[in-house]
Each structure stands twice: as structure tokens, then as C-alpha cells.
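Here the protein sequences line up with chains A and B, keeping their order. Here the first sequence is numbered in the working numbering, starting from 1 and rising by one per residue. Here the second sequence is numbered in the working numbering, starting from 1001 and rising by one per residue.
Honestly, the hints are just simulated from the structure, not real lab data. Think of the CB as a built atom: it goes at the ideal place given N, C-alpha and C, for glycine as much as any other residue.
Here are some of the chain A residues that sit facing chain B, going by a computed Cβ distance under 8 Å:
#: 1; residue: M298
#: 2; residue: P306
#: 3; residue: F314
Listed below are the simulated SDA-like cross-link pairs for lysine to any residue, each with C-alpha atoms no more than 20 Å apart in a straight line:
#: 4; chain 1: B; residue 1: K1101; chain 2: A; residue 2: D303
#: 5; chain 1: A; residue 1: K299; chain 2: B; residue 2: D1122
#: 6; chain 1: A; residue 1: K120; chain 2: B; residue 2: D1115
#: 7; chain 1: B; residue 1: K1070; chain 2: B; residue 2: S1096
#: 8; chain 1: B; residue 1: K1092; chain 2: A; residue 2: V176
#: 9; chain 1: B; residue 1: K1093; chain 2: B; residue 2: Y1083
#: 10; chain 1: B; residue 1: K1120; chain 2: A; residue 2: G287
#: 11; chain 1: B; residue 1: K1093; chain 2: A; residue 2: D181
#: 12; chain 1: B; residue 1: K1070; chain 2: B; residue 2: R1030
#: 13; chain 1: A; residue 1: K299; chain 2: B; residue 2: D1111
#: 14; chain 1: B; residue 1: K1059; chain 2: B; residue 2: D1089
#: 15; chain 1: A; residue 1: K299; chain 2: B; residue 2: D1115
#: 16; chain 1: A; residue 1: K43; chain 2: A; residue 2: I17
#: 17; chain 1: A; residue 1: K32; chain 2: B; residue 2: G1109
This is what each chain is made of:
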Amino acid sequence: MSVINFIVDNILTQASITIALIAMLGLLLQKKSMGQVISGTLKTLLGFQVLSAGSGIIVGSLTYFGEIFTIGFGMQGIIPSIEAINGQAMNELGLGRDIALTFLAIFVFNILIARFTKWKYIFLTGQAILWMATMTTVFGFFAGLRGITLILVGGFVGAVFAVAMPALAQPIIRKVTGSNDIALGHFCTLGYLFEAGVAKVFGERGENKKSIEDIQLPGSFEFLQDTYLSLMVVMVPLYIVTAAFAGSEFASTLSGSQNYIMFAFIQAIQFVVGVYVLLAGVRLLLGEIVPAFRGIAMKLVPDAIPALDCPVFFPYSPNAVILGFITTTIGTVVAMFVLPVFGLAMILPGMLTNFFAGGTAGIFGNAVGGRRGAIIGGIAHGFFITLLPALLVTIFNSLGFINATATDVDTVFAALLYAWILSPILKAF
Amino acid sequence: MFGLFKNKDKPKTKEPTTPEPTLSVEEKARLVNEIEALDKEIEQTSETDKPALAVLYEKKGLKQAELDEKEQAVASLEKSLDYKLSIGDGYKKLMSLYNAKRAEAARSGDDQGIDYYMNKMDDMRQIAKKVTTSR
Chain A
1 MSVINFIVDN ILTQASITIA LIAMLGLLLQ KKSMGQVISG TLKTLLGFQV LSAGSGIIVG
61 SLTYFGEIFT IGFGMQGIIP SIEAINGQAM NELGLGRDIA LTFLAIFVFN ILIARFTKWK
121 YIFLTGQAIL WMATMTTVFG FFAGLRGITL ILVGGFVGAV FAVAMPALAQ PIIRKVTGSN
181 DIALGHFCTL GYLFEAGVAK VFGERGENKK SIEDIQLPGS FEFLQDTYLS LMVVMVPLYI
241 VTAAFAGSEF ASTLSGSQNY IMFAFIQAIQ FVVGVYVLLA GVRLLLGEIV PAFRGIAMKL
301 VPDAIPALDC PVFFPYSPNA VILGFITTTI GTVVAMFVLP VFGLAMILPG MLTNFFAGGT
361 AGIFGNAVGG RRGAIIGGIA HGFFITLLPA LLVTIFNSLG FINATATDVD TVFAALLYAW
421 ILSPILKAF
Chain B
1001 MFGLFKNKDK PKTKEPTTPE PTLSVEEKAR LVNEIEALDK EIEQTSETDK PALAVLYEKK
1061 GLKQAELDEK EQAVASLEKS LDYKLSIGDG YKKLMSLYNA KRAEAARSGD DQGIDYYMNK
1121 MDDMRQIAKK VTTSR
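Chain A on its own, in the form it takes in the complex:
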């Protein structure tokens, strides 16, 4: 008995072990060789530990940023980073094991829905499922759910999103790609549909509809090719300007003997390092689990429509991607200044979300409302994807998250469902 207790108390409570066991299960079900099972399991375990290390670095940098921002601008400045939310939830909040099991539950429920209903979408963007599992677990926990209920509810809600979002986007994806072969698997879909809706109302129609694809666009966005370089381009000025506003007197108390501007520069780089390490961990973590489970999913649902990550659709409308990035960025900058007027936190623009989510939203806007639709819709999209995460800030603060909020709007929407609907119901009983 004491052996079982030891295993339950000391081994199974470790998130890294739980995740490694999930990977092991997937590899065994795929009848991989013993060598592949062992190496895959260990790599997953390593991935989790790398992710934790990255999270520690990010939290250190964000804590510093939070302090100088509050002094510099007299309000809370929030960095939208789903990675930071995931890292903090997995480690500092101790929800890693529940998130890992919810991640598995989303996969399983997704396969069941696709197998037994007419909606054949299998969501294959592993990172996005991890972010969804993070949000349903955090907000389920916030609503008072614990243990197996937390995992099953999170798994079911996540899987419904994993099927419903590709299904809702499919009419437009079908129009863009000209086929029903593949679907969009990215948890920013409500933003895309929002842009499409705005583009429908304000865009061009019928014969007047002019696609942005008919225009030769100048410019290069090579800096975005490197995730970390693009993060640095934004974070370094952000930290330095904030430190300057905080002033040398306060900022020096944090920087010790080092010059406070130089310290801010290094802290900005530290943030990028944290994201680098964390994402390297995520890649290691998912590198074995996702191929194992997607193989199982495809076999169990042979007529599945794979829902794939957004860059797959860029070739179908490349100019709209660039236009979407630019207009969404404008929208997020406008929202950054407007939201604090209404008492909400200042959400700083996240350039990577603006590129990937904004770019894909541009495809939707252009497909529905042509150039004008894409421009007006894109700005509205930028505002929308800033507003939704801003609504979560108070809850994140109360849960102990440091200066960060989620990005992908479908996960934010799922969180709001928990916070505004499920939580009051549970608390009423």
C-alpha cells in the first residue's frame, strides 16, 4: 500500500511524468518499437522541464516589466502572451498535470465527435490544443472544478471548440481554397469570423468587389521569419521606453549597480530568451505526442478533414495576409489607447499574433468584402482581439498571473464561458 501511495503522491502528481506517460501511451498504441517508446517518452519529459525553465525566465522578466510600467505610466501594462500564461499555469500555479490530462482529453473527445457525428474535423495544431487545455483548466479551476471533473469538462469544451471552429470557418475556407479537403485549425477563428462579418457589412459587394490579390504589394516582412528577432524588435523598445518613463530613481532600485536603461535592455532580451526556451520545450513536448495521436485519429476517422495551422492557407491569398497584418496592428494600437479610457488594462500589441491571426483574418476579410472589407475588417479585428483578452485581466490577476494575458481569442472565449456562465452556475449550487 505504501508503495502505491508513494507512486500516487510523488510520481503521478508530477506534471512532467503525467505528460511523459501520455506520450508513452500514444507511442505504445501506435505499436512503435521499444527504443522509440523509450526515447519518445524521455524527450517528452525533457520537454516539460525545458518549458518550466523558460517559464521561470519569462516570469522574472515580466515581474520587472510590471513594476516599471506601473510607476512609469500609472497603470497596469499587460503583455499578451499565451506562452507566458501556459508557463505560469503549468508551473507557478501547479496545474501542469491537469493541463496535460485535459490536453489528452481534448484529443480523445475530438476523435469521438469526429467519429460519431457528421463533423469530421480533426484538429491537428498541437500547440493550439495545449493553449486551449491551459485555458479550460485555469478557468475550470477558477470556477471551482477539481480532479476528473475539471479534466473531463475541459476536454469536452476544448473538443467542441476543436470541431466547431473549423466547421464555422469552413464555408469561407472552402471559398478561398476551392475545395473541402482541408480545414483551418487555429484557435483565433472567432476573430476571423468577426472580421468576415465586418467585411460583409462594410466591404465591397458583387461586381464592385476588388480582391487585394489583384494588386502588387511592395515590402518585405523577413524580420517576422524569425520569431525571436521579431519579438526582440518589439520588446527592446518597449522595455527601454518604459524604464525611461519610470525614471532613473525608481528603475535603479531594481537594476542595482547596473545602468537602469542597460538593465531594461537585458530584461527585454531575457523575455525573448524565456519565450525561446519555453517554445523549445513545447516543441520537444509535442514532438512525440502529436504525431502519435494524430496517427490514431486519422486511422479511427479515415474520412477526417484535417484542421491545419493557419500558415497553410497563406498561399491562397498572400496579399491579404500582409494587409491583414498591417490593419490588425493598427487596430491593436488603437485598442491599446482606447481600452484604458474605459477602465480596462492597457494591452500591448503582440506582433506575432498580429501577423499570424491578423494575416489569416485578412484572408477572411478579403474573401468576403474585398479590399475595403479587408481594411475595415482588419482594424476591427485588431480591436476585437485586444478587447477580449483585456476582459480576462482581472481574473488572471486574482489567480496570481503576472502581467500577462492570453492571445488566441477562441481560448479567451472559452475562458469567458467558464467565468461568466459556468462559474456563476456552479457557485449558485
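With chain A's structure known, arrange chain B on it following the hints.
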């Protein structure tokens, strides 16, 4: 919401996912001739002129796909991307061919096939990302 779900199936019948090859004998002969002509052009093109070879192989792959020669089309389109990454019609066709091969593998319960083509689709995502951001 559920109404939307119902609607989504309607166009399915209107727009066949992969158009079945209903080529006449003449059309087939024309495509075969065009592929032969492209082969000659490829032979005459210098190995160092990678952009030109990429275009020629892309054209060849698209024509092979029209003839429903899936394997050959995949090989030509992959070759085109090896010479130069692009996200034109060749990319889209290759993506759709990979997906068709993935579905075939799934139907026959071929784990390795599923894995292979899913990884290929992953590679395509990377190509799309790379080419879009370096335009």
C-alpha cells in the same frame, strides 16, 4: 449555430473536392505531348538555372496531376520546390495530393503512410510561412 453546420454540407455536392478526371482521349494525348515537351525543355535547361527548373517542374507536375498520375505529380512538384520554394498553383496541388495520399493511407490502415504524409503536410506549412514572410 446548428443551421450553419447544416448549410456547410450543401456546397460539398456542388464543388467536388478533387475533380474526377474525365479527360477525353484527345485531351490526354495533348497533356502527354505537353509533358514530353516540358521534359525536353528540362533537359536543355542548365542545372544551375534553378528558378527556371522550378517553374518547368511545377508545370509538369500540374499536368501529371491533370492526368491523375498522382505519384509522378508529387515527385515533379517536390522537385520544383527543391529547386525553388514557391506558393503558387504547384504548392496548392501538392498540398491537396498529400492530403489525398494521407486519406488513402488512413483508409488502408497504413500507419507509416499516415505519418509520412502528415509530416509532408507539416513541411508545407513551414514553406508557406517562409515564403509569405520573405516576399
